[in-house]
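Chains as they are written, first to last, in the numbering used here: chain V, 85 to 580; chain S, 85 to 580.
There may be inaccurate statements among the hints.
What the hints assert, rightly or not - No farther apart than 30 Å at their CA atoms in a straight line, the calculated lysine-lysine pairs in the DSBU-like style are these:
(1) Lys-98/V x Lys-90/S
(2) Lys-312/V x Lys-290/S
(3) Lys-217/S x Lys-98/V
(4) Lys-518/S x Lys-361/S
(5) Lys-306/S x Lys-201/V
(6) Lys-290/V x Lys-395/V
(7) Lys-179/S x Lys-217/S
(8) Lys-252/V x Lys-518/V
To be verified - What the simulated footprint calls covered on chain V by chain S, stretch by stretch (three residues with Cβ under 8 Å from a Cβ of chain S suffice, anywhere in the stretch; the number is not a length):
(9) 97 to 110
(10) 308 to 314
To be verified - Residues from chain V shown here face chain S by an in silico Cβ test under 7 Å; the list is partial:
(11) Ala-124
(12) Phe-128
(13) Thr-131
(14) Ile-180
(15) Glu-184
(16) Ala-186
(17) Thr-192
(18) Gly-323
(19) Asp-326
I should point out that these hints are in silico values taken from the structure, not numbers from a laboratory.
From a predicted model like this one, the values you see are computed outputs, not experimental measurements.
Backbone N, C-alpha and C define an ideal beta-carbon position, used for all residues, glycine too.
There are 2 protein chains.
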Amino acid sequence: MDKELKFYFEQRKKILAFRYVSFLAEWDAQTDAAPGSIAADSEFQTTLSEMSYRLSTDPRFERCVETLYAARDGLDDVLKHEIEVTRKSIADDKKIPVKEYAAFCGLTAQAYPVYVKAKQTSDFALFRPYLEKIVDYCRKQTQWLATDELKGYDILLDIYEPHYTQAKYDAFFKVLRDKLVPFVKEKTARVAPVPDWAKQSFDVNKQREFCEYIRDVMCFDKNYGIMKESEHPFTSGIGTHDVRITTHYYEQDLVSSVFSVIHETGHATYERQVDPKLNGTLSGGGASLGLHESQSRFYENIIGRSSAFWKVHFPKLQRTFAPQLDGVSLEQFVAYVNRTEVSFVRTEADELTYPLHIMLRYEIEQKLIDGSLQVKDLPAYWNEKFGEYFGITPPNDALGVLQDVHWAYGNFGYFPTYALGSAIAAQLYHAMSKDIDVEASLSEGTTKAVNDWLKEHVHKYGASKYPDEILRLATGEDFNAEYYVNYLINKYSEIA
Amino acid sequence: MDKELKFYFEQRKKILAFRYVSFLAEWDAQTDAAPGSIAADSEFQTTLSEMSYRLSTDPRFERCVETLYAARDGLDDVLKHEIEVTRKSIADDKKIPVKEYAAFCGLTAQAYPVYVKAKQTSDFALFRPYLEKIVDYCRKQTQWLATDELKGYDILLDIYEPHYTQAKYDAFFKVLRDKLVPFVKEKTARVAPVPDWAKQSFDVNKQREFCEYIRDVMCFDKNYGIMKESEHPFTSGIGTHDVRITTHYYEQDLVSSVFSVIHETGHATYERQVDPKLNGTLSGGGASLGLHESQSRFYENIIGRSSAFWKVHFPKLQRTFAPQLDGVSLEQFVAYVNRTEVSFVRTEADELTYPLHIMLRYEIEQKLIDGSLQVKDLPAYWNEKFGEYFGITPPNDALGVLQDVHWAYGNFGYFPTYALGSAIAAQLYHAMSKDIDVEASLSEGTTKAVNDWLKEHVHKYGASKYPDEILRLATGEDFNAEYYVNYLINKYSEIA
Numbered sequence: 085m086d087k088e089l090k091f092y093f094e095q096r097k098k099i100l101a102f103r104y105v106s107f108l109a110e111w112d113a114q115t116d117a118a119p120g121s122i123a124a125d126s127e128f129q130t131t132l133s134e135m136s137y138r139l140s141t142d143p144r145f146e147r148c149v150e151t152l153y154a155a156r157d158g159l160d161d162v163l164k165h166e167i168e169v170t171r172k173s174i175a176d177d178k179k180i181p182v183k184e185y186a187a188f189c190g191l192t193a194q195a196y197p198v199y200v201k202a203k204q205t206s207d208f209a210l211f212r213p214y215l216e217k218i219v220d221y222c223r224k225q226t227q228w229l230a231t232d233e234l235k236g237y238d239i240l241l242d243i244y245e246p247h248y249t250q251a252k253y254d255a256f257f258k259v260l261r262d263k264l265v266p267f268v269k270e271k272t273a274r275v276a277p278v279p280d281w282a283k284q285s286f287d288v289n290k291q292r293e294f295c296e297y298i299r300d301v302m303c304f305d306k307n308y309g310i311m312k313e314s315e316h317p318f319t320s321g322i323g324t325h326d327v328r329i330t331t332h333y334y335e336q337d338l339v340s341s342v343f344s345v346i347h348e349t350g351h352a353t354y355e356r357q358v359d360p361k362l363n364g365t366l367s368g369g370g371a372s373l374g375l376h377e378s379q380s381r382f383y384e385n386i387i388g389r390s391s392a393f394w395k396v397h398f399p400k401l402q403r404t405f406a407p408q409l410d411g412v413s414l415e416q417f418v419a420y421v422n423r424t425e426v427s428f429v430r431t432e433a434d435e436l437t438y439p440l441h442i443m444l445r446y447e448i449e450q451k452l453i454d455g456s457l458q459v460k461d462l463p464a465y466w467n468e469k470f471g472e473y474f475g476i477t478p479p480n481d482a483l484g485v486l487q488d489v490h491w492a493y494g495n496f497g498y499f500p501t502y503a504l505g506s507a508i509a510a511q512l513y514h515a516m517s518k519d520i521d522v523e524a525s526l527s528e529g530t531t532k533a534v535n536d537w538l539k540e541h542v543h544k545y546g547a548s549k550y551p552d553e554i555l556r557l558a559t560g561e562d563f564n565a566e567y568y569v570n571y572l573i574n575k576y577s578e579i580a
Numbered sequence: 085m086d087k088e089l090k091f092y093f094e095q096r097k098k099i100l101a102f103r104y105v106s107f108l109a110e111w112d113a114q115t116d117a118a119p120g121s122i123a124a125d126s127e128f129q130t131t132l133s134e135m136s137y138r139l140s141t142d143p144r145f146e147r148c149v150e151t152l153y154a155a156r157d158g159l160d161d162v163l164k165h166e167i168e169v170t171r172k173s174i175a176d177d178k179k180i181p182v183k184e185y186a187a188f189c190g191l192t193a194q195a196y197p198v199y200v201k202a203k204q205t206s207d208f209a210l211f212r213p214y215l216e217k218i219v220d221y222c223r224k225q226t227q228w229l230a231t232d233e234l235k236g237y238d239i240l241l242d243i244y245e246p247h248y249t250q251a252k253y254d255a256f257f258k259v260l261r262d263k264l265v266p267f268v269k270e271k272t273a274r275v276a277p278v279p280d281w282a283k284q285s286f287d288v289n290k291q292r293e294f295c296e297y298i299r300d301v302m303c304f305d306k307n308y309g310i311m312k313e314s315e316h317p318f319t320s321g322i323g324t325h326d327v328r329i330t331t332h333y334y335e336q337d338l339v340s341s342v343f344s345v346i347h348e349t350g351h352a353t354y355e356r357q358v359d360p361k362l363n364g365t366l367s368g369g370g371a372s373l374g375l376h377e378s379q380s381r382f383y384e385n386i387i388g389r390s391s392a393f394w395k396v397h398f399p400k401l402q403r404t405f406a407p408q409l410d411g412v413s414l415e416q417f418v419a420y421v422n423r424t425e426v427s428f429v430r431t432e433a434d435e436l437t438y439p440l441h442i443m444l445r446y447e448i449e450q451k452l453i454d455g456s457l458q459v460k461d462l463p464a465y466w467n468e469k470f471g472e473y474f475g476i477t478p479p480n481d482a483l484g485v486l487q488d489v490h491w492a493y494g495n496f497g498y499f500p501t502y503a504l505g506s507a508i509a510a511q512l513y514h515a516m517s518k519d520i521d522v523e524a525s526l527s528e529g530t531t532k533a534v535n536d537w538l539k540e541h542v543h544k545y546g547a548s549k550y551p552d553e554i555l556r557l558a559t560g561e562d563f564n565a566e567y568y569v570n571y572l573i574n575k576y577s578e579i580a
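Can you build the whole structure from these sequences, using the hints too?
Written out as structure tokens, the structure reads:
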């Protein structure tokens, strides 16, 4: 056993070192590298990925994990969980025929530029043959990976959010369909116009300065992670000591960068507050996509769009952007950042309408995977359902079925985690509010009380437990979508 | 043979991929990473270095290289040279006892912070015991690596600049001692004061803008490498498609960043202009430290400090820094950037006095390695020799023997390549001037004619030949220090 453990730890160290390489290479490509360098450097990355793949699929490593799994009851809880997860991952990898997987990687590599062109020209027909093959592969994937417990779309959902099956998501989206759809229709019947003061220019250097201030408000220790700029904001971490974020500044939009930074610093705070003992294990970082997203959205929407937050920080914003914000009241600013309106594009949707975009994608994925919807019928189905939920119909496929890149990558089962994240955030907010007065704590000028609660009840576990287990520990109950719908309806009922 | 070649190419691909990792990790640490992240990330780097080391010392790789070496006459010239170099490197590595090497790595890791403190407090006694052990190791190294051809200090010199032995360097430095020392004494007897216009503030954003312009003047294709900022400017490349530089801006110094950028873009141009066929081999990049430095100094000093260069670009500089440069003439500016003065610190020395700083270090290293100088006597010896060459004596060891970090790293034999680089640059300039009118070519506004000549005669070879061979091909003769001394004396005789 000692010999196995020693080998496991050595191998794990190497696996983590290769993760560091990916972290660094991706960071570089997204923020620094010159366009012409990226393609050349990707060849090195391919070689490194192959080395890394060989490491994780080394038969000796597999046997070692099997031995440790058989003796798992003698391991500490963290290692026991890690061995279970690693064993499942090795087993799943082995079930997928190597040839089919390689062909699929080639397919998505080809599909990506075609997708980009199809979106640019709003030409679904161009992308259709690729998407058909991608869906085919994903359906085959559900057959290869089927177990007694999991079949069909559940297999794909489980990849992105363990233990969240169709049964759970169906119940979740049913609540949204029944309660949120009518509420959204009512709320968006009359849309508040964008105020004139928000249509001015806002100096990018001042935005930078304010965003650095926001990171301080959120108590992010800048000694352990930098902020840079990239086309699409993201967070990237490799242990609690190196968590980086990016944002994007738009001179014509004051709040875009601010909410990006709150959102990404939410992700970053999660990574930073994992128990440092989990550094050097495979149980560091976040527990799942949904739980990660719950943290970023908690900070962005529940904290960052609240009156209590801006009551403290709006004066600073107003000073930074004088004279543009002269005469704007706190109430006007908060109303502006909570403006709601139906729109075609998910990534531009507001907090209230956002989950309906996800619901639509979830229903479509379900039907594509169970075969009741064909790719050829997808645009018409998308537009019909969109009209049903939002009351408007996309004028073209670029603003409809072609808007997201996820399917071109073959990421079926990913979308639902976005809505789940928002819903988990609301459930955590409910639980947190029993322990602390969240709004009152913000009057101290930082999110420290919120950070501390989340650290103790969510962050510290890292990926050493499944996300549903962490939610139970944090809130005392299973996932419950009612908190989310109630939160949204309460909040947006109060906003005129 | 085919099997061996196949294995060699596979292994080489992995070795290069690990080089890419080092390239990226160093770039990140020097430019981006937050201070607290660097230490944590270095653990991943240690693991990766170990993997990389195991790859290069894999006995199967060694046998493969031996087989290819035996059959080297059947290989193309590039591969033949690469196999020779790789075989020597493997053989040398094997001659060093692993335990001693590991202890030495530990020693220098410990020595570094002590060196920093000793420099800060100008306390040589603090650093002395470490330096004694470091010198001991380097002397042992010369015993382990001794061959029929190379012994003593030659072993160390050869590590940094193959084929440049004490015999060659002695002849080089003798010319400097005999001709340059008296000339420098004469020239620096009366020092021109720093003009008042150079003592103003120069907006850093405008410096940035001008430095980007300089990269364009030097025809650097920004699609293949970025420029960022770091404490100490450097160049880093990983093939012709990704060559990056850094610089450092000082608001109180207009020309520091400009000449850094010319210098580093000189290095970068070398890397960019290697034959792209050498990408993916171990024969890409520059041929040696000295040859690399010859390129950076060629651009910085011979081109960048010339009247012909500034005749074209000074008006732009003047416009960029109006009103600070109003009323400054081209002649005044060129005189300022060629100002010469004896000073204590090598890194701040001007073109004329610089090589004497190196000569001093060369003579000291020679004596430390052959045992005729003891570390305990080093500060006194340094100060005595410094007085002899420069006519001034360092007021303390921080400005004397403790000023450079190289010895704390154990890099004995490195310094001479700096002076060699300047001398090679002058020899190349002489050869280039037979083919093109260098000054006239600059009137076209770019360094294209210079770039093209250097590409054809130096850069294209990459590391596929030894540096002395490249110099012979480029100039038709062996290294000859006379060109350098003549160049310096001619140039500085003309400057009032």
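Run the structure past the numbered hints and jot down the numbers of the failing ones, going up.
-> Per hint list: 3, 14, 15, 16, 17 violated.
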